[in-house]
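Going line by line, the protein sequences match chains V and B.
Just so it is clear: in the first sequence, position 86 is 86 by the UniProt record's numbering, and no numbers are missing.
Just so it is clear: in the second sequence, position 297 is 297 by the UniProt record's numbering, and no numbers are missing.
Honestly, I wouldn't trust all of these hints.
[Stated by the list, open to error] Distance condition first, Cα-Cα at most 27 Å in a straight line; then the derived BS3-like pairs of lysine-lysine: (1) V:K26 / B:K66; (2) B:K142 / V:K81; (3) V:K73 / V:K26; (4) B:K349 / B:K301; (5) V:K33 / B:K349; (6) V:K81 / V:K26; (7) V:K33 / V:K73; (8) B:K142 / B:K66; (9) B:K244 / B:K407; (10) B:K66 / B:K144; (11) B:K379 / B:K349; (12) B:K66 / V:K70.
Bear in mind the hints are in silico, worked out from the structure with no lab data behind them.
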Amino acid sequence: MAEVATEQQILDGLAEIIDEIVGIDKAEVTPEKNFIDDLDIDSLSMVEIAVAAQDQFGVEIPDDELRNLKTVKDVVDYVQKAPAKS
Amino acid sequence: MSKSQTRVVVTGLGATTPLGGDVPSTWSALLAGESGVRRLDWDDVENLPVRFAATLKVQPDTVLPKQSLRRLDRNQAIALVAAREAWTDAGFAPSTGGKPQKGMDKAGVEGGFVVDRDRLGVVVSSGIGGLHTALNSYDVYKEKGWARVSPFTVPMLMPNGAAGHVGIEFGATAGSHALVSACASSGEAVGYAIDMIRTGRADVIICGGTEACIHPLQMASFGSMRALSTRNEEPERASRPYDKNRDGFVLGEGAAVMILESEEHARARGARVYGIASGAGYSNDAFDIVLPEPTGSGQAKAMQRALADAGLEPSDIIHINAHATSTPAGDVAELASTKAGLGEEAASKVVITATKSMTGHLLGGAGALESIFTILALKEGLVPFVANLEDLDDEVDLDIVRDEPRKLPDGPAAALSNSFGFGGHNVSVVFERAL
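Work out the full structure: start from the sequences and follow the hints.
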């Protein structure tokens with residue numbers, strides 16, 4: 001990515017990934033939503049989503065970090081702050 | 001009817017096959033003698049000894065959402081398609097669409113009969129399992145590394161995956177099983193389901209089999225065994241059991257699922273009964289990992305044990321859906337073992353068909369699909385004919401249905417569905433007409 005994506009761009013991109021992988025409507029994917037409790041996404045699907053997000057946003061999300069990303073906002077914030085993958 | 005055993009009845013049917021995306025379309029194509037065998041259009045197909053197979057008529061991606069398909073191997077996806085048809089056909093409430101509802105203590109939702117999920121079981125077999133997943137995932141690993149391998153790879157490639165998904169779909173908690181015995185797998189699944197109901201473990205079982213392994217590796221590996229027909233110039237005529245010019249089986253894919261139910265449970269809810277699942281008999285050749293035991297004594301024993309399990313005499317059997325895969329040795333050997341199993345006199349009166357002439361060989365899906373055909377033949381009094389049977393093998397001396405479907409007489413009737421698998425597994429399942 002040439003420039004750092006905006007919060008809205010990351011949110012849109014993430015919503016698209018979630019729709020593609022687990023079929024949740026993009027409008028449902030709002031910052032405060034918890035992946036497990038609100039969106040009913042299981043842990044294996046989270047792995048798939050994380051891999052797709054890494055590819056799309058060019059960042060690394062190690063397993064240790066993934067465990068702490070509980071809401072949509074957590075991921076958006078992480079992607080914004082994360083160093084670009086070398 | 002045998003002893004004082006619980007009677008098991010068939011109350012729902014479902015299938016997706018090379019002939020159709022459901023049971024009614026499959027059955028009418030079968031009676032019309034249509035072929036489900038098609039040319040393969042793969043890029044590398046010219047490198048293979050066999051360039052055709054009995055592929056599905058209706059693709060699962062036209063029925064299931066793409067998000068479900070991401071985590072289902074093809075064999076699992078089609079098992080779900082067949083299971084949903086069987087489930088609604090039995091008059092049960094529609095499934096919750098892939099996920100049990102949280103806190104739900106009964107299977108199903110409004111709009112139909114609700115089953116106690118602790119009395120609902122699953123026996124769904126696959127002979128091979130998730131071959132496509134295993135091979136495709138290995139390609140991903142080699143090209144992109146381990147982190148890009150789908151986290152669903154293991155549940156997609158395991159052969160009990162289809163049983164697991166069917167159990168989740170319908171909330172079946174009595175038990176879930178996946179008997180693996182190559183081409184005998186889903187015949188054994190039906191037999192095991194009968195036993196689960198008889199022994200009181202469940203009132204209702206979703207049982208059947210599924211297979212989807214039409215992949216270049218299978219064409220190469222079955223081809224290397226010289227097991228497949230190589231009639232590449234006319235694929236739809238390649239599967240021809242009992243014909244002098246048969247030269248091997250045609251690989252097929254598909255899923256077939258039945259709802260088996262205790263008679264008491266079915267009667268209590270006023271279910272339509274297709275027929276009676278009267279019993280099953282098993283044997284093991286203990287001879288060779290792929291070749292059938294040459295005297296056919298193993299196959300004969302399976303048929304005899306099936307009759308004993310059902311409490312029937314050889315003379316009660318009026319129809320057999322034969323295993324007959326269109327291999328030079330296998331088809332006639334099965335007829336010899338049929339005579340040994342039933343006795344010459346009874347065997348000579350049996351109306352025999354070989355529906356693999358139209359569906360190809362569904363391996364782990366074959367026993368369940370042919371069980372459905374056997375039940376429908378008894379119920380409708382009509383046996384499909386063997387397609388492509390032009391020049392009857394001189395060694396065939398039993399009554400094979402040719403040229404057009406054969407009417408069966410009215411009244412009490414019983415039939416066998418035979419399945420034999422690599423590994424030495426022989427199973428024969430008995431069905432009776434519901435009167």
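Hint by hint, here is what the structure shows:
1. Only pairs whose Cα atoms come within 27 Å are accepted, and V:K26 paired with B:K66 is accepted, the gap being roughly 16 Å.
2. Pair hint B:K142 plus V:K81 does not hold up; C-alpha atoms about 31 Å apart against a cutoff of 27 Å.
3. With a CA separation close to 14 Å, the supplied pair V:K73 and V:K26 stays within the 27 Å bound.
4. A distance of roughly 19 Å separates the Cα atoms of B:K349 and B:K301; the hinted pair therefore holds under the 27 Å criterion.
5. Proximity of V:K33 to B:K349 is assessed by CA-CA distance (about 69 Å); at most 27 Å being required, the pair is judged violated.
6. The straight-line distance between the Cα atoms of V:K81 and V:K26 is roughly 23 Å, inside the 27 Å bound, and the hint therefore holds.
7. Note on V:K33 and V:K73: the hinted pairing holds, with a Cα-Cα distance of about 8 Å set against a maximum of 27 Å.
8. Restraint check for B:K142 and B:K66: the C-alpha separation of about 25 Å stays at or below 27 Å, so the hint holds.
9. The hinted pair formed by B:K244 and B:K407 meets the criterion: a straight-line CA distance of about 26 Å does not exceed 27 Å.
10. Using a Cα cut-off of 27 Å, the hinted pair B:K66 and B:K144 holds, with the two alpha carbons roughly 23 Å apart.
11. Among the hinted pairs, B:K379 with B:K349 is consistent with the structure: their alpha-carbon atoms are about 19 Å apart, no more than 27 Å.
12. Note on B:K66 and V:K70: the hinted pairing holds, with a Cα-Cα distance of about 25 Å set against a maximum of 27 Å.
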